[in-house]
Amino acid sequence: MDTNKLTQQDIIRQGEQVYKKPELLLNNTMHYCPGCSHGVVHRLIAEIIGELGIQEKTIGVSPVGCSVFAYKYIDIDWQEAAHGRAPAVATGISRVNPDKFVFTYQGDGDLASIGAAEIMHACNRGENIAVIFINNAIYGMTGGQMAPTTLLGQVTATTPKGRNVERNGYPLKITELIAQLPGTSYVTRQSVETAMAVRKCKTAIKKAFKNVLAKKGTSFVEVVSTCNSGWKMNPVKANKWMEENMFPFYPVGDLKDGEKADPSLYSKKN
Amino acid sequence: MGELKLMKGNEAIAEAAIRCGCDGYFGYPITPQSEVMETLMVRAPWDKTGMVVLQAESEVAAINMLYGGGGTGKKVMTSSSSPGVSLMSEGISYIAGAEIPCVIVNVQRGGPGLGTIQPSQADYFQATKGGGNGDYNLLVLAPNSVQEMHDFVGLSFDLAFKYRNPVMILSDGAIGQMMEKVTLGDFKPRLTSEEIENKYGSWVTTGKKKNRSRNVMTSLELNSEQMEKNNIRFQAKYKKMEEEEVRYEEYMCDDAEYILVAFGSCARICMKSIEMARAKGIKLGLLRPITLFPFPKKPIAELCKRVKGFMTVEMNAGQMIEDVKLSVYESGIFKPVKYYGRMGGIIPSPEEVVSTLEKKLIGGN
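Chains as they are written, first to last, in this note's numbering: chain A, 1 to 270; chain B, 1001 to 1365.
One or more of the hints may lead you astray.
To be verified - Think about it this way: if two alpha-carbon atoms lie no more than 25 Å apart in a straight line, the pair counts; the simulated DMTMM-like pairs of lysine to aspartate or glutamate are:
no.	chain 1	residue 1	chain 2	residue 2
1	A	Lys72	B	Asp1047
2	B	Lys1199	A	Asp75
3	B	Lys1199	A	Asp99
4	B	Lys1297	B	Glu1330
5	A	Lys72	B	Glu1197
6	A	Lys216	B	Asp1047
7	A	Lys260	B	Glu1057
8	B	Lys1181	B	Glu1003
9	A	Lys72	B	Glu1330
10	B	Lys1325	B	Asp1135
11	B	Lys1325	A	Glu56
12	B	Lys1210	A	Asp254
13	B	Lys1162	A	Asp75
14	B	Lys1210	A	Glu23
15	A	Lys268	B	Glu1197
16	A	Lys57	B	Glu1194
17	A	Lys260	B	Glu1090
18	A	Lys72	B	Glu1228
19	A	Lys215	B	Glu1242
20	B	Lys1199	A	Glu56
21	A	Lys216	B	Glu1244
22	B	Lys1239	B	Glu1221
23	B	Lys1209	A	Glu51
24	B	Lys1210	A	Asp75
25	A	Lys215	B	Asp1047
26	A	Lys215	B	Glu1194
27	B	Lys1209	A	Glu56
28	B	Lys1048	A	Asp75
29	A	Lys57	B	Glu1197
30	A	Lys200	A	Glu166
31	B	Lys1239	A	Glu47
32	B	Lys1188	A	Glu176
33	A	Lys173	B	Glu1057
What the hints assert, rightly or not - Which chain B residues stay away from chain A? Per the calculated CB distances, all over 10 Å, these:
no.	residue
34	Gly1002
35	Leu1004
36	Arg1019
37	Glu1057
38	Ala1062
39	Leu1066
40	Glu1090
Note that these hints are calculated values from the structure, not bench results.
Quick caveat, the model's predicted, so the values are computed rather than measured.
Glycine is no exception: its CB is placed at the ideal position from the N, C-alpha and C atoms.
Modelling step: build the complete structure from the supplied sequences, incorporating the hints.
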């Protein structure tokens, strides 16, 4: 049998299909490197928007960085923001369209460095948006420079002898800061390196999206991710390096799961 | 006749925003224009028209909120003053590149840097020649009265949506702070979601509907050939503005031998200078550009045929004079163009204007 002529039906027998490409994931070939976490998270977002049936009210805001082209891959309306400004753009969309569902998708350089002010204030105001934060501890798009989340000793293009506190300061645990802000209702840290992690991450993103649909303020999902090109490792080794080095410093799990802060806690009486 | 009120220029902007059906104002406090947001917060339009008013954490955030809101087809605006507008320049360039309609008010103060809080027109270049990166133009309107501060808000939104381009109202601290009587505009309802979808469905990001392909707001295009095409389209738009949107006012030009060219508060001062000059027998007139981009080149070329020369009066080191010189050059008729101005927040006096005119233009020094 000529395998080139096989149709999808020839390969997948009725009743045996356990997984398929989400309808909202477009056919454009992704520009991400093999082993990169972005593709997996994109797929989860496409799946969840489809499952929740919210395509017609969803506006995604893509960042500057590797995921600058996120808008090419998921079949929803998108706005491409300036570097770090996605939370402000999302605020603008959401405030004048309170009936819409708005989320940002940002990397560590975008969210934790150049956009640190925008993310802090959007979360502090409790903007009704979801934030997906991909933390791979490096600037991928520009060629592997140091990010605010780069670990101490980690070698990057701008820390060729490893990140050094005297010269570069400390790695920023921005998600821990975000969890302190009263406008957030759900803050969690996830990963997508195993099938089980992917399932957990999907549950977390779905919960974040549902919170926003229920107008519970800002929900924030960090995904500790690999950048095998930037880290100069093959995908398997990158996953191992992430488990051994990233997880001890950026532990996976919920940091906050509840409601926005009760305003009375912030009144004069207290 | 509409309701007549005495108010500040900044208050007139706020009142106009509510009345013209604006959906959202996003701003950050800065002197001398903070009354815009303060007035809006007191008027609380969210209870009446549903207009959103939000104090942003910075001008950087405010302009990006305009990107977001404008990208959904809503009428959104901000106001600031010179250093704040510099901070917004990144966002303005992205907005121009993504072709998002919105209105930006600059109540100018003296610069550079933190400068002063007194009135200035030193952001003329920034407003009309760019400010942010890349080849783009804003449509720039220059009000010279509190009435025009009020009237230009609705006009700016109409032009912003007509061209899918940001529009700037370039005012200054004198007009923002001074009080005059204003005839207020009528209340216009905000557009409904259905109206926005029907009018702008081809580009707005309001959530992908079954009957249309997805819309994306972006200024990014890595394919150079396509990016050049985008630029050619932008330039065609700016050219159309030059053909259709030039606005200006001539004052006592019919018999004039000399012409003052001034915009905004300087144009008001020049009207007094003309009265003083004419008392001395000097036939002086005023050309007031109302749109700074597109600049009224043709009216200046027409005047070149019958006047002896021009003098610009500006609250800067001589910025608009470059556009006047270009206009004279393009007319093919040589006429001298002189400049008089003050900087650092100082407003020129009518006397200074006349004495400089006599010395520099009439006296030829």
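Among the hints numbered above, which are violated by the structure, and what are their numbers in rising order? 1, 9, 11, 12, 13, 15, 17, 19, 21, 28, 30, 31, 32, 37, 38, 39, 40
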